[in-house]
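**Student:** From first to last, the protein sequence lines stand for chains A and B. Under our numbering, the first sequence has 42 at position 42, and the numbering climbs by one with no breaks. Under our numbering, the second sequence has 295 at position 295, and the numbering climbs by one with no breaks.
Just so you know, these hints were derived from the structure itself, not from any lab. Incorrect hints may appear among the rest.
[What the hints assert, rightly or not] Partner residues aside, some chain A positions facing chain B, computed with beta carbon under 7 angstroms: (1) W14; (2) M47; (3) V76; (4) T171; (5) A172; (6) N174; (7) E177.
[To be verified] Label pairs and their calculated CB-CB ranges: (8) B:R415 / A:Q116: 20 to 28 angstroms; (9) B:S411 / A:Q116: 47 to 55 angstroms; (10) A:S110 / B:K396: 34 to 42 angstroms.
[Claimed, not checked] Facing chain A, a subset of chain B residues (Cβ under 10 angstroms, in silico): (11) Q109; (12) D111; (13) H114; (14) A329; (15) A338; (16) L345; (17) V348; (18) P369; (19) S374; (20) D399; (21) Q400.
The beta carbon of each residue, even a glycine, is placed where N, CA and C say it ideally should be.
Listed here are the chains, written in short residue letters.
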Amino acid sequence: MTISARDQKLLGVWVVLVALGYWFYLRPDSGGPSVIPAAATADSVSMAETRLAKLRDIAATAPAKQEILKKVSEEVAGREQSLIRAETVPQAEAQMIAALRELMGLESPSIEIRSQEMLTVEPFGGDGSGPSYGLAPVRVTFECRMAQLVNVLAGLAARPQLMGTRDFQITASNPKEKTVRVSLTIVGVVPKELVPDKSKKGAAGL
Amino acid sequence: MIAPGLKKLFAFGSGVGISIEGARGAESLHITAVRVRPTGVTVRGGFVIEDYRNAPAAEWGAAYTEMTGKLGLQHVAATVLLPRHEVILRLISLPGVADKDLDAAVAFQVDGLHPYDEADVVTAWGRLEGSDSVAVAIARRELIDGYTTLFAEAGVKLAGFTCTGAAVHSGLRLLGNKPAGDVFAIGPLDSGIEIYGESASKPLFSAAFELAADGSSDRAVALAAAELRFETVPVPVELSGLLGAESARSYAAALTSACPMISNSVNLLPLDQRQGRSAWQWVPTVALGAAVLLAAIGLALFPGYRNGSYLETLNKEISKVQPLAARAAAMDKEIESARARTLLLDKVRLNSKSDMDVLAAMTALLAPPTWLQSMDVSAKQVGVTGETDQAEPLLKIIDQSPLFESSEFASPPSRALGSERFNLRTKRTETRP
Chain A
1 MTISARDQKL LGVWVVLVAL GYWFYLRPDS GGPSVIPAAA TADSVSMAET
51 RLAKLRDIAA TAPAKQEILK KVSEEVAGRE QSLIRAETVP QAEAQMIAAL
101 RELMGLESPS IEIRSQEMLT VEPFGGDGSG PSYGLAPVRV TFECRMAQLV
151 NVLAGLAARP QLMGTRDFQI TASNPKEKTV RVSLTIVGVV PKELVPDKSK
201 KGAAGL
Chain B
1 MIAPGLKKLF AFGSGVGISI EGARGAESLH ITAVRVRPTG VTVRGGFVIE
51 DYRNAPAAEW GAAYTEMTGK LGLQHVAATV LLPRHEVILR LISLPGVADK
101 DLDAAVAFQV DGLHPYDEAD VVTAWGRLEG SDSVAVAIAR RELIDGYTTL
151 FAEAGVKLAG FTCTGAAVHS GLRLLGNKPA GDVFAIGPLD SGIEIYGESA
201 SKPLFSAAFE LAADGSSDRA VALAAAELRF ETVPVPVELS GLLGAESARS
251 YAAALTSACP MISNSVNLLP LDQRQGRSAW QWVPTVALGA AVLLAAIGLA
301 LFPGYRNGSY LETLNKEISK VQPLAARAAA MDKEIESARA RTLLLDKVRL
351 NSKSDMDVLA AMTALLAPPT WLQSMDVSAK QVGVTGETDQ AEPLLKIIDQ
401 SPLFESSEFA SPPSRALGSE RFNLRTKRTE TRP
């Protein structure tokens with residue numbers, strides 16, 4: 001052998017560099033670009049391209065959707081201004097009775113509420129994550145003429161509060177004065193916080 | 001065997017050839033050093049050690065070492081051309097014998113090619129390029145051992161022992177070229193001539209001849225020409241002229257020393273006694289092999305590497321786009337939810353109007369003489385009790401309204417005092433929360 005000491009050192013350095021290069025670029029968990037069998041990645045590349053194209057399409061709609069969301073959010077917020085705001089259910093139902101009394105007081109002769117009944121607040125709207133709002137029902141009975149009843153119903157629809165009829169029963173009362181007895185159930189939309197939590201109620205009952 | 005066309009590419013190396021020539025008992029060593037490249041052969045130097053047998057081996061060995069050292073060839077193992085009279089060269093034809101079967105085929109015939117006991121001889125053979133013939137060299141073992149010891153004492157590294165015929169034949173084809181037509185050459189010997197020839201019928205001829213008493217070589221030439229079966233006897237040339245070197249034999253041996261892989265493999269030195277050449281001769285081969293291997297690995301891995309890199313880029317882009325896409329998808333749900341809540345709230349406000357429509361419709365549909373005693377309006381249906389002259393048509397009348405459907409009597413109508421009392425119910429077509 002005639003390899004000099006210097007040449008031997010150079011050869012050693014070359015071997016070490018080649019080994020380092022292999023280690024850096026080709027080991028599976030290297031920081032360098034990974035090498036994946038071509039056949040195995042062909043499908044992955046195709047899938048990734050398709051996925052990226054879809055995501056880009058979806059992302060491109062984001063600005064327009066943002067505008068639409070802003071618009072519909074404003075609309076729903078405007079309507080929610082008419083929710084019956086109260087800290088408790090009785091307070092909310094008292095507001096509804098007061099509104100009804102105000103309507104009945106506008107009639108001539110004014111209509112007197114003979115009885116009133118507060119019913120349990122029910123969940124209203126929403127999905128599996130919970131209700132959107134609550135519906136507070138109130139039942140009142142009174143006697144009036146048919147025209148007055150129609151006025152009251154029309155007045156309800158025109159109120160700023162979100163209220164409406166649920167059901168009513170009309171029974172002939174005084175044929176001479178053409179009055180009828182009315183049992184009217186109205187509902188008002190209240191914030192969902194006023195909807196009683198059934199799970200808490202159950203727990204309390206234990 | 002390397003194809004003649006590619007031979008030139010492998011013609012790399014430096015070599016030293018030693019030819020033992022001269023009168024028996026007073027031989028001299030003719031030494032030639034060459035450098036072989038695909039572009040040609042360069043004679044680096046040469047000298048003669050006279051009467052080496054009568055000089056101490058260490059002495060002429062030192063001269064040899066000095067000469068090779070000056071030329072930078074101290075690492076090169078020399079090829080020694082044995083005296084013509086000490087080697088028997090035979091040519092045997094083995095048509096159709098594959099290379100892998102060559103050894104067995106020659107070994108089968110070799111006994112008949114020499115007069116010695118098998119154990120007393122060393123044989124070597126090699127297929128002649130471009131023919132079915134095999135050159136077989138035979139020398140006495142005692143002779144080979146003697147030369148091996150002598151050169152070892154002199155410190156001369158030996159790559160092999162060969163003979164003129166094999167070395168010249170190989171040397172003429174070293175760079176992939178081939179003599180055009182017949183070859184007929186004469187080289188001087190101490191007491192005669194050596195004739196080398198190639199012809200269509202005899203791919204290799206090498207023999208020593210005594211000169212005639214008058215010093216003429218005509219008879220020898222005629223015998224050789226007859227042996228070679230020339231159609232037209234060519235004018236013989238000097239062996240030195242044929243090879244292009246003054247010391248033709250040592251030059252031919254040097255070519256074999258320089259490029260052993262592409263030279264004829266007729267080497268009488270036992271394999272275990274052949275000294276290696278410089279490890280540097282393998283450097284180009286190893287470097288080229290490594291480059292080819294790396295290139296092959298690179299080519300094999302490149303598609304995967306490219307796909308991997310591309311996939312990585314795609315995934316990075318996906319991770320950039322994904323949050324915005326997810327936000328867009330989430331906004332779809334938020335828009336849907338907001339719209340649903342808007343509709344929900346609007347419906348509550350419309351309840352009163354819807355009920356008034358029911359009231360007005362029933363008033364219009366159930367006109368006198370029908371009069372009502374009670375009406376029960378709920379979200380899904382309307383119940384009515386009252387009196388009329390004919391109750392049966394009421395169901396049809398009510399169902400004709402777009403607000404009602406599936407009207408029916410809750411209880412059968414009953415007749416009393418000329419009228420019918422009825423209790424009916426009907427479904428509202430409008431859905432309400």
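**Student:** Taking each numbered hint in turn, which are not upheld by the structure, reported in ascending numerical order?
**Tutor:** 1, 2, 6, 7, 8, 9, 11, 12, 13, 18, 20, 21
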